[in-house]
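K.L.:
Under my numbering, the first residue of the sequence shown is numbered 1, with each subsequent residue one higher.
It cannot be assumed that every hint is accurate.
DSBU-like mimics (lysine-lysine), calculated; alpha carbons at most 35 Å apart, straight line [claimed, not checked]:
id	residue 1	residue 2
1	Lys372	Lys301
2	Lys372	Lys167
3	Lys301	Lys167
Taking CB as the label site, the calculated pair distances span [said to hold, decoys possible]:
id	residue 1	residue 2	range
4	Phe67	Ala434	46 to 56 Å
5	Pro159	Ile20	26 to 36 Å
6	Ala455	Ser327	56 to 66 Å
7	Thr500	Tyr163	42 to 52 Å
8	Phe445	Val479	25 to 35 Å
9	Ile155	Ile49	46 to 56 Å
10	Glu28	Ala61	41 to 51 Å
11	Thr280	Arg111	40 to 50 Å
12	Gly446	Phe67	53 to 63 Å
13	Ser327	Glu106	47 to 57 Å
What the hints contain is simulated information worked out from the structure, not anything from laboratory work. Just so it is clear, the structure is predicted and the values come from calculations on it, not from any experiment. Glycine included, each C-beta is placed from N, C-alpha and C at the ideal position.
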Amino acid sequence: MLSELPLLSLVIWFPILGGIAVLFVGDESPARAKALALTVSILSFLFSIPLFSHFDATTAAMQFQEFVPWIPAFSVNYHLGVDGFSMPLILLTAFMTVVVVIAGWEVIQYRIAQYMAAFLIMEGLMIGVFAALDALLFYVFFEAMLIPMFLIIGIWGGPRRVYATIKFFLYTFLGSVFMLIALIYMYNQANSFEILDFHKLPLSMTEQVLIFFAFLLGFAVKVPMWPVHTWLPDAHVEAPTGGSVILAAITLKIGGYGFLRFALPITPDAAAMLDWLVITMSLVAVVYIGLVALIQQDMKKLIAYSSIAHMGFVTLGFFIVFGIERSTGSLSGAAMGIEGGMVQMVSHGFISGALFLCVGVLYDRMHSRQIKDYGGVANTMPIFAAFMVLFGMANSGLPGTSGFVGEFMVILSSFKASFWIAFLASFTLILGAAYTLWLIKRVIFGEIGNAHVAALQDVNTREIIMLSLLAAAVLLVGVWPDPLTAVMHASVDNLLQHITASKLL
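Turn these sequences into a full structure, and let the hints guide you.
P.N.:
Here you go:
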C-alpha cells in the first residue's frame, strides 16, 4: 500500500506548499501563521516516518522510487528514490524543522510568517536534494535551497548579516558551478542525467581526476572543509538561532552526502589516488580548527568551529577506506569508516543544533554571546544548565551519547589504515573536550558572574520541549545506534563492491 503512494513527493512538496500557505496567512495573524507552520512541520515529519518503518534494510536498491519524464528532449526526469545513505538524512531534516519552528515561536518578532515559511520551503528543498536520482533535479534542489537560507540570514540576521550572506552565497554558489560542469560532461557521455547511469560510466583516469576535483570543490565548500571553511563562522554568528540550527544540522550534511552519492561511486580511482588530499584536509580540520575553537570568545563562533572539526571526521571516515585497502590489500572492514561518518553526520545534526539552541536561549535573555558576560548560570537556570551540560558532554564524545558512536567507529577504522592517522584523529576527543568543557565551565559553573546573570529566568515550557526532543535523540542514538546503522549496511556494502568492481587496474 505505502509503496504505491508518492511518499517522497509528499515529504518534498507538502512543506513547500505549506510554506506558501503560511505566506498567504501573512503577518496580519501571526498566531495563525505560527500554528499553521507548526502543523505543517509536524505532519511533514509524520509523513517521513514510513520511509524508515517500511524501509527494506536487506537491499541496496533504491526504494520508494517515483519516475516522471520532466524534460524528455534532454533525458531529464523527475526521478526520486532513497537508500541507506539518504533516508536517515531525510528524517533528520524533517525532525529538525519541527524543532526550529518551536524555537522561533516567541523569539521572532517581525515578519513571522515569512520566517516560518522560509524554513518550511527550505525543508522541502533539502529533502529534494537527498531524494533526487536525476542529476539535474539534484542540482536544481541543491541551488534552490540557497535562496531561503540567503533570506533567513539576510533579513533576520545580526549587524553584519549582509556581509555574511553574500560570503555564504558566493562560496557555495561558485563551488557548485564546477560540479555543474562535471554533470554536463557526464550527461554527454551517458546521454542521460540519471545519477545511477553516471555510476556505470567507464571514465579514464584523467576524466576521473578532473571530475573528482569538480565534485571536491562543490561539496567541500558545503561540508565545509579546510581551507574553504571561512564562510561558516561568519554565517553562524550573523544568522538567527533557527538559521544556525538548520545550517549546522542539515546544510553541512549535503556536502558529505554528495561525496557518497557522486564522488566515491563515479570516480573511485581518482578518489583512491587523491585520498591523501582529503584525509589531510580532514585532519587539519580536526586538529587545527579544534585549536582555533579553543580561543574563541563568542559562543556561536566556538560552536561553529566545533562543527567544522566534527565534520572533518565525516570526510575522514568516507576516504579512509582507500587507506585501509592499501594497508590490508582489501576493503574488508572499511564499511565501519563510512558508517561511522554517516552516524557522525546524524549525531552532529542533533548536537550542534542543540548547542546553537542553548546559545539562543541565553542570547534571548541577555542579548550577548560573549563568554565573559556569563558565569554561574547553573545557579539561576538549573534546568537549562542540565541540558547544556548534556549537549556539551555529547559534543566531547562522551560514551552513552551519540557523539561517541560515530567518532569511535571512524577512529577504529582509521587504525586499520594508519596508526598516525588514527592518532591525529583521536586528538578531536582531547580538543573537543577542551574547548567544550572550557565553555561549560566559564558559562555554566562558578559564582554568579554579574547582576544580569542573577536575574535570569530558567527555561520555559516551549524551550524545555525543543531541548528535550534533542536530548532524547542524542541519548537514543548513543545508547542504541543499531536501528540507525542497520539501514546503512546494504548501501555501504554495495558502494564498496562498486568501488572494487570499477577499478581501472
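K.L.:
Each hint needs a verdict: does it hold in this structure or not?
P.N.:
Here is what the structure says about each hint:
1. A threshold of 35 Å between alpha carbons decides the hint, and for Lys372 with Lys301 the separation of about 14 Å falls inside it, so the pair holds.
2. For the proposed pair Lys372 and Lys167, the alpha carbon gap of about 28 Å is at most 35 Å, so the pair holds.
3. Between Lys301 and Lys167 the CA atoms are separated by roughly 16 Å; this keeps the pair inside 35 Å, and the hint holds.
4. At about 51 Å, the beta-carbon gap between Phe67 and Ala434 stays in the expected band of 46 to 56 Å.
5. Roughly 31 Å separates the CB atoms of Pro159 and Ile20, a value that falls within the hinted 26 to 36 Å.
6. Taken as a hint, the range 56 to 66 Å holds for the pair Ala455 and Ser327, whose Cβ atoms sit roughly 58 Å apart.
7. Checked against the hint of 42 to 52 Å, the C-beta distance between Thr500 and Tyr163 comes to roughly 47 Å, which is consistent with it.
8. As the Cβ distance of Phe445 to Val479 is approximately 26 Å, the hint placing it in 25 to 35 Å holds.
9. A hinted range of 46 to 56 Å for the beta carbons of Ile155 and Ile49 is inconsistent with their spacing of about 32 Å.
10. As the Cβ distance of Glu28 to Ala61 is approximately 49 Å, the hint placing it in 41 to 51 Å holds.
11. The given range of 40 to 50 Å is respected by Thr280 and Arg111, whose C-beta atoms sit roughly 44 Å from each other.
12. In this structure the hint that Gly446 and Phe67 lie 53 to 63 Å apart at CB holds, the actual value being about 60 Å.
13. At about 54 Å, the CB distance of Ser327 to Glu106 agrees with the hint of 47 to 57 Å.
This entry does not satisfy hint 9, going by the numbered hints stated previously; all others are met.
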